[in-house]
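Engineer: Chains as they are written, first to last, in numbering that gives the first Met the number 0: chain A, 0 to 320; chain B, 0 to 258; chain C, 0 to 360.
Not one of these hints is a red herring.
Reference listing, derived: stretches of chain C covered by chain B, where coverage requires no fewer than 3 residues with Cβ under 8 angstroms from a Cβ of chain B:
1. 243-254
2. 257-267
Computed cross-link-like contacts, EDC-like style, restricted to lysine to aspartate or glutamate with a CA-CA straight-line distance of at most 16 angstroms:
3. B:K2 with B:E197
4. C:K170 with B:E54
5. C:K258 with A:D25
6. B:K118 with B:D143
7. B:K238 with B:E250
8. B:K238 with B:D215
FYI, nobody ran anything at the bench for these hints, they're computed from the structure.
C-beta atoms are modelled at their ideal positions from N, C-alpha and C, and glycine is treated no differently.
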Amino acid sequence: MSISTEPQASPPGASTRGRPSRQVGDRVFAGFATGAGILILLMLAGVAAFLLAEGFPAIVAPAEDVPGGQGFVAFAWPLLFGTLLAATIALVVATPFAVGVALFISHFAPRRLASGLGYLMDLLAAIPSLVYGLWGVTVLAPATVPSARWLADNLGFIPLFAGPASTTGRTMLVAGLVLAVMILPIISAVSREVFLQTPRLHEEAALALGATRWEMIRMAVLPFGRSGIISGAMLGLGRALGETIAVALILSGLGIITFNLISGQNSLTIAANIALDFPESSGLAINALIASGLVLFLVTFLVNAFARYIINRRSEFSGAN
Amino acid sequence: MAKSIEVRDLNIYYGAFRAVEGVTMSIRPAQVTALIGPSGCGKSTFLRSINRMHEVIPGAYVEGSLTLNGNDLYAPGTDPVSVRRQVGMVFQRPNPFPTMSIYDNVVAGYKLNSRKASKTVTDELVERSLRGANLWNEVKDRLDKPGAGLSGGQQQRLCIARAIAVQPDVLLMDEPCSALDPISTLAIEDLINELKTEYTIVIVTHNMQQAARVSDYTGFFNIEGTGKPGKLVEMDETKTIFSQPREKATEDYVSGRFG
Amino acid sequence: MTTSTSKPAGTVGAGEVGPATSSPSPGKLPPRAPWLVVGAVASVAVLLLFVGVSPALVVIGGLAANILGICLWSRLVEGRRAATDRMVTAVVATAFVIAMIPLVSLLYTVVSRGAARMDAAFFTNSMLGVVGEGGGAYHAIMGTLIVTGLAALISVPIGIMTAVYLVEYGKGRLARSITFLVDVMTGIPSIVAGLFAVALFQLFFGPGIRLGIMGAVALTVLMIPVVVRSVEEMLKIVPNELREASYALGVSKWRTIVKVVLRTSVAGIATGITLAVARVIGETAPLLITLGAVTGVNFNPFEGRMSSLPVFSYYSYVAPGASPAPSIDRAWAAALVLMLIVMALSLLARLISYLFSPKIR
Chain A
0 MSISTEPQAS PPGASTRGRP SRQVGDRVFA GFATGAGILI LLMLAGVAAF
50 LLAEGFPAIV APAEDVPGGQ GFVAFAWPLL FGTLLAATIA LVVATPFAVG
100 VALFISHFAP RRLASGLGYL MDLLAAIPSL VYGLWGVTVL APATVPSARW
150 LADNLGFIPL FAGPASTTGR TMLVAGLVLA VMILPIISAV SREVFLQTPR
200 LHEEAALALG ATRWEMIRMA VLPFGRSGII SGAMLGLGRA LGETIAVALI
250 LSGLGIITFN LISGQNSLTI AANIALDFPE SSGLAINALI ASGLVLFLVT
300 FLVNAFARYI INRRSEFSGA N
Chain B
0 MAKSIEVRDL NIYYGAFRAV EGVTMSIRPA QVTALIGPSG CGKSTFLRSI
50 NRMHEVIPGA YVEGSLTLNG NDLYAPGTDP VSVRRQVGMV FQRPNPFPTM
100 SIYDNVVAGY KLNSRKASKT VTDELVERSL RGANLWNEVK DRLDKPGAGL
150 SGGQQQRLCI ARAIAVQPDV LLMDEPCSAL DPISTLAIED LINELKTEYT
200 IVIVTHNMQQ AARVSDYTGF FNIEGTGKPG KLVEMDETKT IFSQPREKAT
250 EDYVSGRFG
Chain C
0 MTTSTSKPAG TVGAGEVGPA TSSPSPGKLP PRAPWLVVGA VASVAVLLLF
50 VGVSPALVVI GGLAANILGI CLWSRLVEGR RAATDRMVTA VVATAFVIAM
100 IPLVSLLYTV VSRGAARMDA AFFTNSMLGV VGEGGGAYHA IMGTLIVTGL
150 AALISVPIGI MTAVYLVEYG KGRLARSITF LVDVMTGIPS IVAGLFAVAL
200 FQLFFGPGIR LGIMGAVALT VLMIPVVVRS VEEMLKIVPN ELREASYALG
250 VSKWRTIVKV VLRTSVAGIA TGITLAVARV IGETAPLLIT LGAVTGVNFN
300 PFEGRMSSLP VFSYYSYVAP GASPAPSIDR AWAAALVLML IVMALSLLAR
350 LISYLFSPKI R
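All chains, please: the whole structure from these sequences, using the hints.
Structural biologist: In structure tokens, the structure reads:
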């Protein structure tokens, strides 16, 4: 083999030709990468800082200047209540179904069907929330009117169904159900992902003991996937808390505190209230809306931090490596 | 041109952990030097320190000196990148670039550094390197096909072609045959024999027959226990190591009495 | 089934009750048993519907009867454990069917209601001067494309470089805090991102400001964490061996990253970016408060209000004006277009990952 056509690479230290430029390239590239990371730090600091700067005036303003005339807490508390109520309904309704769907796709459906179904659920998770909102107000809301009337007539002693039932169906219950339909694909996708990661060995160990499919799922899949379900539910909860337009389409702006889910007089969520009021607001009202956004940010942050904590704890305990 | 390597009192650290301690050896030019020893004894770490590949792990550094024909590879201001251009490496598992054709894999060392080279020059380089790696006849009709489509043994020879296309002075091989079947192993061993006229070769192997077959010199590394640094126990001509080693530990190891 | 006995399937008839043997699993239902129960329940349900029982009651009762039916039958023939297994299977399948009902209804509604205005005018006309019938979403479609494109233009380079930093360079406090903050950003509600843009621009340009670029900034806040996360995942699965192979050829680190690491994962990165675009293109809330709405075409994101598909759809629905029907039709059409764009992007993502992933042959 001949190596005469190319000059020998210069020995290190003997010549610096070509070397410094490489180091400059490395340094510049590393600088860009680090800079991008720092930019994200600054950006989030910016989000917090600007929201605080614009929200603060409403928090310290005299009570009578804040919309509602009773100070910021009285303004924000009913909205926070509505936010939590809608998200709770969504979570309670969606989680069992989402787990069922995830289990069905991961362990019950025929394999050929399963990948198609999984893809379908991913597609559904990507549908804009506006579409869910339009569907909710046009299809679901009218469809719930008879049931709501029945609930008010027969189960009216329960505060949740005290009634009188709304005639349009634009109720807290429908808002919660639309949110449930919306977050179902998200929770289901996360849970399915974790169920599919169940170590094959564990599953086969259970089967080899003569377990039925359900016993295998209870012994191997669910213990492994429990934290996946929880973190998926928390992600869904985060989405439901922050969802704006679907709720804004369904609920009208009253913003009172009530557990009555089926009446036309209902609570409103923080996000929906911002969307409904912002275009017509000015002055301190804008500051109040921004401050309520800050409250929403804090709540979702706590929920997400909890989800992250669960996920991290799982990665420590999974032992699958 | 093959070059010699001189190692003096080399200690290799990963952070606070000393992985290899006090290695002193001379690696002769245009010869094959095999490094043997039990798992975890630091022979691979030592091999990687010859082209500063161990620095890929954060916190790794060395003490002592390592020179290539008298040039200190660890001199201040020496770019590890330029060291690696002179000291090529072949890995345990064949690792052709999956996004590149066979042709592009061979000239990767040139192309990745954006060196401008005319088609005729690279054509010649590809043929020469593939011939050098005994792969030309098998792939000359499908140079534009993905390198990942070759068999394991062919992939490993492709990786050798890729390494020698940069025209290094030294070729390091980290258990190059451990992922291959016996026939592919034989092909690589034949290749090593041919390559040593042009390159200084250092090979780490777990297979003592292989060390005996391909190498001119053999170094035996050992470790006293977990958490202790690996050391070079003995180094000599291969036939000496395998017939009458000076150290008891070496004799135990090459004759299969260890552990 | 996992409880299979060694008995050949052919000997088990549909009406056969478990033979009295001492075997631990006394019998086995025919393979079609679940479908037989479904069929029986369905025929009873149809009968009840004809009699005039409320459909909601029939559906709920039917689903419950189906689960109980298979459970009881199996309990009699196969024993307790198998019955539990059958019941769970039925419950899970039922949950799946129930969960699919709203989703199918949603798809059907959007397609059927939106199809009314899938005409050329919808894609070529704006709403300038339109009252009642006619008009289109040209201005909104262009607005959505411009704003989303701008957002992608800002967030893709920052996102990719941040992911490169986290995977290839990052260690210590800075990397940990960036990872943490990206997590935090993932959870920012979209309306809060919109408020951020408002607060930011309001500080410099005074209250009431509405600009295309404000919407892009809001979408950027939402898009960056998605890009960072997906690119990070992709870079992590590039085998270290490839980086080492490149280093061993004397290739510098940045060229290794650009030409080996990023090149190897380009399919996954493109897929992730496409999905990130799909995620933000349907965002309504932040655009509602940053872009405002306008009836005419505005191509300049740095001046004046802009329209966008989701906001156009929203306002067409909630503020339809004097003659509601055409406006509500436009709202559905815009929603359908939006959904089709999102689905097309998801399909495109699939296609990219199929076409550009490293090939063997």
